[in-house]
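Residue numbers (my numbering), protein chains in the order written: chain S, 215 to 403; chain X, 53 to 169.
Think of the hints as simulated: they come from the structure by calculation, not from any bench. Careful, some of the hints might be misleading.
What the hints assert, rightly or not - Mimicking SDA-like on lysine to any residue, the simulated pairs with C-alpha atoms at most 20 Å apart in a straight line are:
id, chain 1, residue 1, chain 2, residue 2
1, S, LYS234, S, GLU353
2, S, LYS234, S, HIS329
3, S, LYS234, S, ASN323
4, S, LYS234, X, VAL143
5, X, LYS130, S, LEU244
6, S, LYS234, S, LEU375
7, X, LYS130, S, PRO365
8, X, LYS130, S, ALA324
9, X, LYS130, S, HIS329
10, X, LYS130, S, LYS234
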Amino acid sequence: MRNRSMELKEQPFAPTLARKMGEVAHVSGLLRRLALLSGAQQRVADWLFKVAVERGATHYRREFDPALPPDSSAVTDEEVGIALCLGEHPYDLDRLRAAAQLLSSPRVNAPRLCHLAVQERCEPVLLHIAGLAGRFAPELHPWAFLRQHLPPRPVPRTDVLPHWTRLVSHTGVSAHGGPPRADWLCRHE
Amino acid sequence: MNNPLHILQTLDRHLTVPMELTLFGRAALALGYAGSPAVFATTRDVDAILPLSWLEAADENRDFWQAQQRTNEELEPKGLYLTHLFREVEVILTPDWQAVVFVNCQFGEIKADGGWW
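All chains should be modelled from the sequences, with the hints used to inform the complete structure.
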């Protein structure tokens, strides 16, 4: 009981992703639409995470509250990925990691993702992920497209974004007979 | 083509009830100041400030959010959008920002502010 009370008191002061990056968050109409459409309302961030895992961000699989609403076919992968990267969410890097794996798929519409990223001011997050992806899988879709076409929007800090070690799977020495290897986490199709 | 005007006229068409929207940035300069540089009218979006009292409305401003969604869907082929909406506490404003009104004869009453962030 004591822990729960502390959580509730501290929640309003949790820093947002935008604040961590040294910028301000906008009020996202996309997030409000998804909250309404899914029925998740105030729990839309948890719902987005669950949907990302169910759609293939399996590296982040965990137990989700069964009371969360089911996935909705009316919501695109691009919208889920972008909504997870919104600056108004409390700072939680797992959301960004799940977005990275969900969006690492040939099925993602890269121009649409770029358009949404600009509209929802997610360029710094997506270009950070795209830059890291370029080190491990230079041709990987949609990140190669983003590196070429998504205009950068500088923010004061990007060192608060996910470290590359958390976006790859580390292959041990014995697994394939060669040296250790780091493979980019692609969506489980 | 005046992009901010086009965006706001589209939004206006999708709204079913009147609302007040406070603009800032290039769109505000293009619409609120006669003789502003033509380049401001080429901006692809409209930035706006949302008062905290407005955000706390009992109906959650569903008419506006629905109109915003329809506006963005309609304007997507043209690359125009209305998504950069900021809470008043996130923008540096003058103390009397809510009282500063500029009138744009092309659209009606446009409120603009000289704030920045």
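Evaluated hints:
no., hint, result
1, S:LYS234 x S:GLU353, "violated, 30 Å"
2, S:LYS234 x S:HIS329, "violated, 24 Å"
3, S:LYS234 x S:ASN323, "violated, 29 Å"
4, S:LYS234 x X:VAL143, "holds, 17 Å"
5, X:LYS130 x S:LEU244, "holds, 19 Å"
6, S:LYS234 x S:LEU375, "holds, 9 Å"
7, X:LYS130 x S:PRO365, "holds, 17 Å"
8, X:LYS130 x S:ALA324, "holds, 18 Å"
9, X:LYS130 x S:HIS329, "holds, 11 Å"
10, X:LYS130 x S:LYS234, "violated, 33 Å"
Consistency note: the structure conflicts with the earlier hints numbered 1, 2, 3, 10.
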